[in-house]
Amino acid sequence: MTETLPATGKTRRIRLADGTGPVLAVLAVLLVALAFAGPAYSEPAGYLALLKRAAPLMILAIGQYFVIVSGGFDLSVGSLVTAEVVIAARLIDGDEGATVWVIPLLLATGALVGLVNGLITTRLLVPSFIVTLGMLLVLDGAVFLWTGGSPRGALSEAFRVVGREGFEVPLLGAVPWSVLLLAALVVAAVVFMRGGTGRTLVAIGDNETSVLLGGGRVERLRTLAFVLSGVSAAIAAILLGGFAGVSAQVGDGLEFRVITAVVLGGVVLGGGRGSVVAAMAGALTLEALFSLLNLLGVAGGLESAVQGVIIIAAVAYASVGRIPFRTRRST
Amino acid sequence: MATGTAVAPRPAQRLSRVLQPTVVVYLALVLLLVAGSILVGVRGGVLLDQGGILNILTRSTALGLVAIGQTMVILTGKLDLSVAYLIGLCSLIGAETMAGDPGMIVPAVLLTLACAAGVGLVNGLVITKLKVNAFIATLGTALIIRGYLESAYSGPAGEVPRAFQHLGYARIGPIPVSALLMVALAALAWWYLMRTKGGYHVYAVGGDEEVARFSGIRTDRTIIKVHVLCAVAAGLAGLFLASRLGSGAPWVGVDAGYDLESIAAVVLGGTLLAGGRGGVAGTIGGVLILATLDTIFDDLGVTPFFKDVVRGAVLIVAVALYARRRGALR
Amino acid sequence: SDLPADPGAAPSQAPGETTGTSEFFDQAEYERQLALRDATPEGPADRPWEQALEPELVDTAQYRKDGPHQICFSNASVDNPWRQVGYKTMQAEADLHDEIAEFRVLDAEAKDDKQISDIASLTSQGCDALIVSPNTTATLTPAVESACDSGIPVIVFDRGVNTDCPVTFIHPIGGYAFGATAAEFLSEQVGEGGKVLGLRVLPGVDVLEHRWAAAEREFADSGVQVVGAEFTENDSATAKSIVSDYLQREGQIDGIWMDDGTAAVAVLEAFEDAGMEPPAISGEDQQQFLQKWKDEGLTALAPTYPTYQWRTPVIAALKILRGEQVPKEWILPQPVIDDSNLDRYLTAGMPPLHYGLCGCQEMPGFPQRWQ
Amino acid sequence: MVVTGLTDEAPVVRMRGIGKQFLGNAVLRDVDLDLHPGEVHALVGENGAGKSTLMKILAGVHRPDSGSVELGGSEATFGSPREAQAAGISIVHQEFNLLGDRTVAENVYLGREPVRRGQVDRRRMEADTAELLDGLGERGISPRTPVRRLAVAQRQVVEIVKALSTDARVLAMDEPTAALADHEVELLYGLVKRLRQRGIAILYVSHRLREVFDLSQRITVLKDGEPVTSTATAELTPDQLVRHMVGRPLDALFPDRAAESETGAVRLAVRGGGNARLAGIDLELRAGEIVGLAGLQGAGRSAVARAICGVDPFATGTLELEGRPVTIGSPRSAIRHGIAFVTEDRKGEGLALRQSVRDNALLVRRAAFGRARGLGALDLAALLRSVTLVARGPGQEVRYLSGGNQQKVVLAKWLAVEPRVLVVDEPTRGIDVGAKKAVYDLLRGLARGGVAILMISSELPELIGMSDRVLVMHEGRLAGELPAGPSEEAVMTLATGHTTVEAA
Ligand SMILES: Nc1ncnc2c1ncn2[C@@H]1O[C@H](COP(=O)(O)OP(=O)(O)OP(=O)(O)O)[C@@H](O)[C@H]1O
Ligand SMILES: Nc1ncnc2c1ncn2[C@@H]1O[C@H](COP(=O)(O)OP(=O)(O)OP(=O)(O)O)[C@@H](O)[C@H]1O
Ligand SMILES: [Mg+2]
Ligand SMILES: [Mg+2]
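Line by line, the protein sequences are chains L, A, U and P.
Here my numbering is used: the first residue of the first sequence is 1, the next is one more, and so on.
Here my numbering is used: the first residue of the second sequence is 1, the next is one more, and so on.
Here my numbering is used: the first residue of the third sequence is 1, the next is one more, and so on.
Here my numbering is used: the first residue of the fourth sequence is 1, the next is one more, and so on.
What the hints contain is simulated information worked out from the structure, not anything from laboratory work.
Some clues are possibly wrong.
[Said to hold, decoys possible] Straight-line distance between alpha carbons at most 30 Å, and here's what the computed DSSO-like set of lysine-lysine pairs gives: (1) P/K347 <-> A/K129; (2) U/K294 <-> U/K195; (3) A/K131 <-> P/K347; (4) A/K129 <-> A/K225; (5) A/K225 <-> A/K131; (6) U/K195 <-> U/K65.
Chain L extracted, bound-state conformation (with noise of 0.2 Å):
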């Protein structure tokens, strides 16, 4: 009983385990659902089309889980998603040269979003939740006002290619580029999750006088998240403008089903706690439930109703089953 364990990778093994668990068996049971459902899920290019589809969500997902478990919300990806495509095709019209600094000026301006949603709510000390609400306002009535209610312009086909088109990969088939730019962002985001910055964010959502008085940069931190949060917008942009084209509604609705995504994955709002694997895993568990139901042919209105009752009972599950599942483990 007086005996400190030392530091071994077991806990480690388990602790990751403790967030991840219920949504990965979740996942793993639709993704075989969906072998039975659809033959396409029979080879590895239905798969990677879902993950293509589902791609954007997990960027988002990666993006929202750094503001969430920080102790904040980001409200206004949905919006900052649709700006940015018609941001994009009002810039390029059709002009393949400009795909070059187009890019990189969306993903600054997904940073600029974030830094301001970030400094308010640092600084003047407004709950994220009405920032990025103001924000969302902000974004939607803004966009449409510089492009005078509808968008204009055209994206290129060097803009979309990493958002529709892939490479050809012996046994896989053709991999999507999403896929790939998914895979990279995925290390990436475990990388910074596992780094002292990484954790400090998550302390700073669980007690962030703790992390102040233990000389963390609090305002910077929680900034940086908001800031992640928006380029995440801005690649999801990426993505979706590149899959689907030029569309004023691309974003409508992203906000709630991202935040729904990483619940699912088991991160709690309020902060400090969850994995940014799992917030990932409930994205794609979303979209894959939303496969499987257009799969067996669920209609509109049923497949809403179906979301609700999944989202409530996994978190349901989540936090009551909690206790029982962790003293098993511990027995």
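Using the hints provided, position chains A, U and P with the ligands relative to the given structure of chain L.
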């Protein structure tokens, strides 16, 4: 012995009383009305003529009703994202039950409110018993109601009798009767929150749920209660809208964005999103500010896109001001 | 009370619908619309927005008034590109007329309740004529009625109201004609047993419901297999995903029926991305669709719901104020774009979601004002 | 309820065979405990022994896994705090249980607001609260003040008043004096005596053995969740008690002071420091010495600590580190200058409760230095051993640790950055004797290693026992300095402002 531990000085306390968010909200409203009158006047119009007042008050009614309920929920530190769909659902239940028959008004109102209370009860139970975060729980309920509305309705349905439409249209001078009823409900909610034990417990749960529970408050019950009250308020908003529209309309709440807008109004009214501080009086001020802004913009012929930008900015700036004041007082 | 007078037993004049959850199908109206497609419009051939099909003129001498006028407009919203293009065209139309001293607009932002108060406040503000584009048919009827009661001429366009009190109700032929035209074209292209996917926007909007109701009928009659009807909420990404799913599930789709062409390009891309030939497709007159059609020589058709109908209410208002006769129900022709007239509606350099049938090509400020 | 304070009376609470597990670990095993009317029953034991858990079972916060609770002879295992309260059990919890935004009166009557004609009777509530506060000798607290404005000690008083206001038959107090200074403890003594006379049974948890002997009639010692002994206080000596608690006799509690030769050059010096709460602060800390900072509640001790550590920095005056003037405007700059700060509120300011022991221990390193810049490699296991942490492993979430062990984690996270100046505010608040000794040894060890330490404590014996010099504060100013081992009277005289020169 305890002379060293002086209580905070009196003047500061009095100042803080005066500068309470509620007072600030109404000051801002007055400023807005003055500025708006000037702007509209420059353009040759009158903001606060009979039509203007009527407009502001009519616009405030539905949002005000929802926001009263939302205030109680937010005071406990939760949120209700299901109100928008619930309003649509309630307008349909009301209008379909009435089906144009004046004799069915009372049963229809009761049935609607009972259904609304049922939804609130489900929200409350999911939050307290299944321990689902309120954001997710009410988002889930919203999706379920939406699913039902999508599959069961393809447009407005039901018909309210003319007698019931008077609720939406009757007025005394420039004051709509429905707005008076909304204010009466606000007064009732204010009394409940400020004067009764139940209201005290709402603030306690919002201040710190654990502390409230350790102090012997049935926190679950309080949370369920506010969700039921909020849903009933949304039900009233649905009935009011049904009386305005003459029928039930599935998307009437969603199109108006009453979920996020009611939260915005509550927060604009100085209630802390985290719960435990604020009140209905401020909320009504917040609702009036939003409606006044809308009316001023209409009179100025501003595009809806610009309105959104301003609404967003006003929301952020207002809450930033409250936060600043609170920081200064601490 | 501001409660409008009892509508009594006034028969509905709007095409088809009365309130209710019932099927959006009205046999008589359906047949009427199909017949109207072949009727010859009256009026100037080069100005279809001034033409009318089978007009039944009414006298408006009672509204006669000397200018300059204040014309008021209660708009449902400008929340989609169709309404944007239309609204711009309407403003341009208003600018054309010196008799219009002021064109006052209130935008209801898609809120029925707000539009009710908008109409009430416009009514009380000394407008000489009131134009209404209702957000929802059933729920705005009482408000329009009370506007009529105030004595000013009321003009309704696009979606209707369930009352005949407006001086004129302006609309193109309607959803049944739209849906049936597209479905006939597709049936012809895919043949009996061919697979068609229906892509719809939203449930519950009457005009859109009529389109699908007519199409369903046509497909059933000609033995076309409808593999599904999905709602896209006008989102290209959703539409593209849905089509990809269907391509996976069905292996092949011969025709795409759409009740809104916004996502047509994304839908075609789903076929491209799957390495398939583009199907026969019915879209709308959006620039990007027309452009792709022309560039790739698609098998396509675009029945339209012309945006030029936004010009007509202003014209009608002025006619009424001059005491000229107007059709009680002003049915505008509803042109169909096919390979033969594609070039006429395609103007290079317009935004992707510009509508070719804006009727604005000759207006001052074209094309900058619409870009 | 007229009962004489006799111990042979039937017990009002009877706990039998109580067992409780958390996450599969037995925290309580087969605990029996009787509470008699009019008796103070002390419950003592090391950190994590299960005292708070037992109390929470009595309060209806936790349900026991086995065993039974009887109240007044009938079975009463409570499902919620409300039921326990209704049955006449009242608790002063170890952690604060107050709402910052509500007034003192509202907090005191939380959940039991008096109602008159459907409305809460605010006037009565406030009058009754004022009366209760008076009874405790607290005249500085207005019933209408929001609790957020009160200092820590005042909050503790409100917490006690809240428990008293219920007219309970049984009052359980979990370290009620942890945040109180000695003179306030005296007031509490008086109060407890009066309650005894009213026939109330009191369960009293404290790590301050002097209180235990002063107040209790019976002592139960818990060790690792099991009762070791339950004896009349009169039959125990402090040494025996300590032996029961830690399982071995403790030699001298306080380590030897620093020898003259061990104190080095001035490490940190403040000259004329002042801010909103402080004025004219002049102090020096030398390498290798422990300087005590004494004073009454609210005298500004914590304010000095917070100013030095950049939390609420000095607005005037200069601060020198090793002879060089430095500007410290934030905790970050303080830490990067080698200044560490163990705050008094470990839950609110010290720990990220839902993170693991490991993440908390590394928190400052990561937050202030990023990739361990300029710091040596860290042996986490050794670090945790050095603070004698009892935990299931470095992966355990800190919120599941007992209060004392949490405090050790706080110390660990600061030791991880190898500070050269250590400011400790109430470092032993709420920790057991054994752990206290460990902390004392640790602090002294650090001082020997050349760290300059400023120690704040409200426990005068501890402060006197540990310090090489004692600075005394009065109303935001330094009232004087005393050499090693001053008498308590000398400290108190300065602290109450009787012989102040500056503060005239
Ligand atoms: N809610 C909980 N979940 C899991 N473990 C807990 C919980 N509460 C307490 N424990 C564990 O139970 C043991 C006893 O804790 P408790 O708080 O009762 O100790 P204590 O005797 O009050 O210690 P201290 O003197 O430090 O306050 C500790 O090991 C603690 O980690
Ligand atoms: N009269 C007061 N007004 C406002 N804040 C106060 C007052 N007294 C104390 N505080 C706050 O309470 C905290 C503790 O007060 P302070 O540092 O003066 O007391 P202390 O002597 O350290 O007492 P403690 O033993 O509680 O630490 C500080 O953060 C201070 O800001
Ligand atoms: Mg304890
Ligand atoms: Mg202190």
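Q: Kindly indicate which numbered hints from before are broken by the structure, ordering the numbers from low to high.
A: 6
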